[in-house]
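A.B. asks: These are the residues of each chain, in order.
Protein chains: 2
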Amino acid sequence: MSLYQAPLKDMQLLVEQALQKTGLASCPELEDFDAPLVAAILEEAGKFAAGELAPLNAVGDTIGCQFEGGKVITPPGWKEAYQKFCDAGWMGLALPAEHGGQAIPKFIAQPVNEMWLSANLAFVMFHALAQGGSELLLSFGTEQQKQRYLEPIITGRWTVAMALTEPNAGSDLGSLTTKAVPQDDGRYLIKGQKIYITYGEHDLAENIVHLVLARTPNAPAGSRGVSLFAVPKYRIGEDDTPGEPNDVLCTGIEHKTGLHGSPTCSISYGEQDACVGELIGDENRGLAAMFVLMNEARLSCGMQGVGLGELGFQRSLEYALERIQGSDSQGDKGKVAIVRHPDVARMLLSIRSEVMGLRALGYLIAAQIDQAEYSADDNERKALQARIALLTPIFKAFATEKANLMAGTTIQIFGGMGFVEETGVAQLMRDVRITTIYEGTTGIQARDLVFRKIQGDSGRALEALLDEMDEDGKSYIEQGSDNGLSQELLRATSAVRMAIPAITGEDSRVLTLNAGSVPLLEALGTLCCAWQLACTAATAHNRKAEHPEYYQNLIALADYYFAHSVPLIYAKLASFPKADRGVAEYQFEY
Amino acid sequence: MSLYQAPLKDMQLLVEQALQKTGLASCPELEDFDAPLVAAILEEAGKFAAGELAPLNAVGDTIGCQFEGGKVITPPGWKEAYQKFCDAGWMGLALPAEHGGQAIPKFIAQPVNEMWLSANLAFVMFHALAQGGSELLLSFGTEQQKQRYLEPIITGRWTVAMALTEPNAGSDLGSLTTKAVPQDDGRYLIKGQKIYITYGEHDLAENIVHLVLARTPNAPAGSRGVSLFAVPKYRIGEDDTPGEPNDVLCTGIEHKTGLHGSPTCSISYGEQDACVGELIGDENRGLAAMFVLMNEARLSCGMQGVGLGELGFQRSLEYALERIQGSDSQGDKGKVAIVRHPDVARMLLSIRSEVMGLRALGYLIAAQIDQAEYSADDNERKALQARIALLTPIFKAFATEKANLMAGTTIQIFGGMGFVEETGVAQLMRDVRITTIYEGTTGIQARDLVFRKIQGDSGRALEALLDEMDEDGKSYIEQGSDNGLSQELLRATSAVRMAIPAITGEDSRVLTLNAGSVPLLEALGTLCCAWQLACTAATAHNRKAEHPEYYQNLIALADYYFAHSVPLIYAKLASFPKADRGVAEYQFEY
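So the protein lines, in turn, are chains A and P. So for the first sequence, numbering that gives the first Met the number 0 puts the first residue at 0; every next one is plus one. So for the second sequence, numbering that gives the first Met the number 0 puts the first residue at 0; every next one is plus one.
Honestly, the hints are just simulated from the structure, not real lab data. Just so it is clear, the structure is predicted and the values come from calculations on it, not from any experiment. Do not take every clue at face value.
What the hints assert, rightly or not - Derived list of chain A stretches under chain P, where covered just means 3 residues or more per stretch with a C-beta under 8 Å from a C-beta of chain P:
#1 422 to 432
#2 570 to 582
To be verified - Distance condition first, Cα-Cα at most 30 Å in a straight line; then the derived DSSO-like pairs of lysine-lysine:
#3 A:LYS577 / P:LYS577
#4 A:LYS334 / P:LYS577
#5 P:LYS334 / A:LYS577
#6 A:LYS178 / P:LYS334
#7 A:LYS46 / A:LYS83
#8 P:LYS577 / A:LYS473
#9 P:LYS332 / A:LYS178
#10 P:LYS46 / P:LYS20
#11 P:LYS334 / A:LYS190
#12 P:LYS190 / A:LYS332
#13 A:LYS334 / P:LYS178
#14 P:LYS178 / A:LYS332
#15 P:LYS178 / A:LYS577
#16 A:LYS577 / P:LYS70
#17 P:LYS190 / A:LYS334
#18 P:LYS8 / P:LYS543
#19 P:LYS190 / P:LYS70
#20 A:LYS577 / P:LYS473
#21 P:LYS577 / A:LYS332
#22 P:LYS8 / P:LYS83
#23 A:LYS8 / A:LYS473
#24 P:LYS543 / P:LYS473
#25 P:LYS577 / A:LYS543
#26 A:LYS577 / P:LYS8
#27 P:LYS332 / A:LYS190
#28 P:LYS543 / A:LYS8
All residues carry an ideal CB built from backbone N, CA and C; glycine is no exception.
Turn these sequences into a full structure, and let the hints steer you where they fit.
C.D. replies: Pasting the structure below:
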C-alpha cells in the first residue's frame, strides 16, 4: 500500500498550463525558473512528502496531540520531521532570500504546498501560517519588526499563530473584546481569551509569534476598532532572542473529529497582566493587515481540498484496482476488479476530474499572484488583483466543499472497508470536514464573492473572466483542439453572464443575493473547473502522440466533467434568482 | 440542550397523508387504528426515545463496545435499555400477536422506528434485524421453526444476526464460500468466516439466531447455489430453550469511524466442526429468503437517513436560534442569532425540506406495504408490490446519500463548534457514513433500480408512479391548493418520462445505464420528494386556518425545495443519457 505519491506528471502539466495562461514563462525576472528546475524541485518535494510526512499522517490521527500542564506534546516523530522540513529549506521556499528564504515563485510553491497538504495536513498547518505571517510582516511590519521576526520565522526557529476567534467572535470578528493597553515604552499589554488557534502552543520550535487581534482603549466599535499585535510566547530581548515567558497560557486543546495531529488551542493572554505585544501596522487597521495572512490561508485551504482529494483518489484507485468483486457488466465471464464496474469508474472520475480542475485553478491563481508582482503595467496589475480577489473565495469554498464530497466518495469506493478506521480513508472524511469552516465558512466566502467581488466591482472582474473563457473556447475551436467541449463552455459562460444583472443591477434584492450566494458560487466554481479542464484537454489533444494513454485520459476526464458536472451550473443558476423562495417566508420561531 | 424530541406533529401529519394517499383509512381490518390511537402510540414512543435511548447515544459513541475473549460488552446502560425496550413491547410492535407481538400496522410502526433511529441508531440496530428476521421466518420457516424462533425473537429474549458478507464476498454475495454439510438428523454442519455482522455477538439477550448464507455440497456456483440457515449461538434443545454453545466464535469487532455502540462482528462458524444449523426455506433459494430481511433492512436504512437528518435539524436549529453572531443582512442594527442570516436559513431549510420529503416517502412506502397486505384485488396488490419494489432502492439510496449531506450541513451550521466532538454533531457525520454502504451500496441500489425495477418491468411501475404524480398535481390545481407548484411538478415528471425509453428501448446501452444509474436515481429521488412536499403543501393550504404558522411553514418548505432542489432533476437527467462520456474511454491501468 502506497500512502501517497506526488502526482508529478499532472503537476508539471498544470504548472505549464498556468505559465502559458499568464505568460509568466517569458517574464525576465523568472527566467531562471525553467522547466528542469521546476521538475527538480517538485521531485525533491515529492520525495520528502512521501518519505517523511506521509508515514506520520496516521500516527498524528491515532495518537494526536496531548495537553499537559499548559504544554502541548505533538505526536511521535513530529519534532524530527519539523526539523528536517526546516533544514531542507521548505519552510521559507516562497519567502525572500534576504530573510533566509528560497525566493521561489508562487507558481512553483503551489504544487509543493499541495504535496505537504496531501501527505500530512495536520502536521503542515504551521507552514501556511509562516508563509502568510511573513507576508503580513513584509507588508505591514517596520524595518525593525522585519529584522526581528522574519528570519526566525522563515527558517522555522519560530512559528506563527493566528489569534482571531473568541468564544463570541467567530465569523463576526468585529465583536472581539481582547484588550491592548499602550505602555510607556510603546508596547502594549494584551489581555483576553482566544480559541481555535492552530499551533497556538506546541513543542516544535523555540518560540511562537502570536498575531493577535485586539482593541486599544477607546477604539471604535466593530471591525474598524481592531488592531493587530505580535505577541511572542517568549519575550524577545534586545538581541532579538527569546527570553522569559510572556504570560501566554495555553488553557487547553480541542478534542476534534479530525486533524488530531494539529493542536487547536485555547489561549489566555495576560492572565497575570504581563502579556506584552507590539503593534503591527496602524492602530485600528488590524483586519486589513490580517487579511494578507487570511488570503494566504484561504488559498491554502483551497489547496487542502485539492490535496485531500488527490490523496483520496490515489487510495481509492489503488483499492479499486485490487479489490475483486462481481462480474463485468459488459458480459465478460469471471470476476473483475471493481474498477471495471462503470459506477465505480464514475466515482473515481468524479474525484479525479474535480481534483484536476481545482488543481489547475489553484495553480493558475498562484501564477497570477506572481504575474501581478512582476507586472510593470498598473492597469494589468489591478486587473490581476481583481481577478485573484474574485477567484479566492470561489477556490476556497468550492474546493473545500468538493473535497468533503470527494472524501465521501473515496469511502464509498472502499465500501464497508472505508468505514473501518484502519483503512485510513475515514480519517480523510474527518480531517477535511473543517476546511469549509475555518478561514471563513463557505457562507462567508459566498457573501464575499457576491457582494464585494461582484456587486462591489460592478461585475467587471467577473465579466473579464467570462470573456477570457470565451476567448479560450473559441481559440480551441479555431485550433481544432476543443474536443467538442467549447460550445458547451460558451453556452455555460453565457448562462452565467445572464445572472450578473441580478447582482449588479439597481433592482438586486439583498435577501435573494444572500440566500443565493452559495448556489451562485457553486455555479462559478463548476464553470471555472470546466474551463480549466477544457484547457487541459486542448493541450492533451495537441500532445496526444507524446504519451497517448495519459493524454487521452485527460480528454476523457474533461469529457466526463462536461457530462456530469457542467449540467449543475444550470441547476444552480436556476436556483439563484429564486433563492429566497421559502427562505423569506419560513418562520423558525413562532 | 435537548438531545432529541420526536417531531410528533410532523409525524402525525405525514401518517395522515400516507393514509389518505393509500385509502388505508377506510380499510376495515385497520379500523381500530384510528387517529387517537396513532397519536397515543407515537406519544409513548416519543417519550421512550427521548427519555431512554437518546441519553445513551453519546455514551455509545464515546465508550463503544468492548471485545474481550470472544465476548462483546455493550456500552454502559445498553442492557437496561434493552430490557426496557423489550418489556414495553417495542421489539414486536409490528409483528404478529400470536407470537408475542403487538400486530401494529407498518404505517404506525414506521414513525416509531424513525424515533428509535434518531434517538440512538447504534443501539437500536437489533430492531430491524428482529423485524426482518421474523418476517423471513414467517414467510419461509416451517411451522416448527416458527414455533421455535418467533416468540423468543419477537419478545427480545433472542436477537437476530444477518451473516452474509465474507472477506471476498461483499456486494457479490454469490461468491461466498461458507459451507453447510447435511447431517443424518436433517441438520447441517456450518463452517466458514463471516464479517460485518451487526450484533453478531453481544451481552443483551440469552441467545442470538444467526441467519447464515452458505453453500451445500455440490450446490451450483454463484448466487443460485446459496442456502439460508438458522444458526443459534447456543444450541436449542428439544424444549426449544438454549443449551450448550454452538461453536459460533466471535473473533473480533471492527474499529469503526462511527456507530461505536453497535458491535460489528467477525464470526467464525464451526472452528471445532461443531456448528449446527437448520435450513430455512429451500436449498439453493437462500438469497430469495434473505431478501425479505434485506428489503426490510433497506427500508430501515432509508429511515435511518430520515432519522439522522431530523436529529441534525433539531440540533442545528437549536444552535442557530441561540448562537449570536453578526448583524442582520437586511440592515437592522444589533447582533442577531445566526438563524437570521439567509444562508444559515437556507442550510436549515435544505435539511428540513429533505427530511420532510423523505419522511413522507418512507411513511407512504410503509402504508403501501399495509395496503398490499390487505388488498383483496390481485391486480392492485401486484401493482402495489411493483410500486414498493420500485421505491425501495430509491428510498434507501437517496435518503442515505442525502443524510450524509445533511450531516455535513449540520456541522457547517455549527461552524468550528461542529468540528469539536463534544458538541455531538460530528458523531452524526461519522455514524451516517455507513448508511450508503451497508444493505447494498448506492451503486447496487441504482443498478437494481435501472435494470430490475425499470428495465425488467418495461417501465410500467415507473410510468404508473409518474401518472399518479401528474394526477395529484392536476388535482391540486383543480382544488386551488397547489401553491403554484403543480406546473413545476408536471414539468419534472414529463422530463423523467422522456428518459424512460433510453432504459426500456431496444437500443438501450448497458454501459450508459450503468454509469448513469446513480444520476437517474438522484433525479427520481428528488422528484419523489418534490411530489410528497407538494402534497404536504396542498394539505397545508387547506388547513392554514387551523395553525397558520405551522402550515405556512410547510408551504414555504415545499417552495424552498422546488426552488433549490427540483432544478437538480434536470441536471441529473441531462447527465443520464451521456453518463458514459469519459467513463468508456478512461483507462485506469496502462
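A.B. asks: Which of the numbered hints are not met once you compare them with the structure shown?
C.D. replies: Numbers 15, 16 and 28 - these are the hints that the structure violates, sorted from lowest upward.
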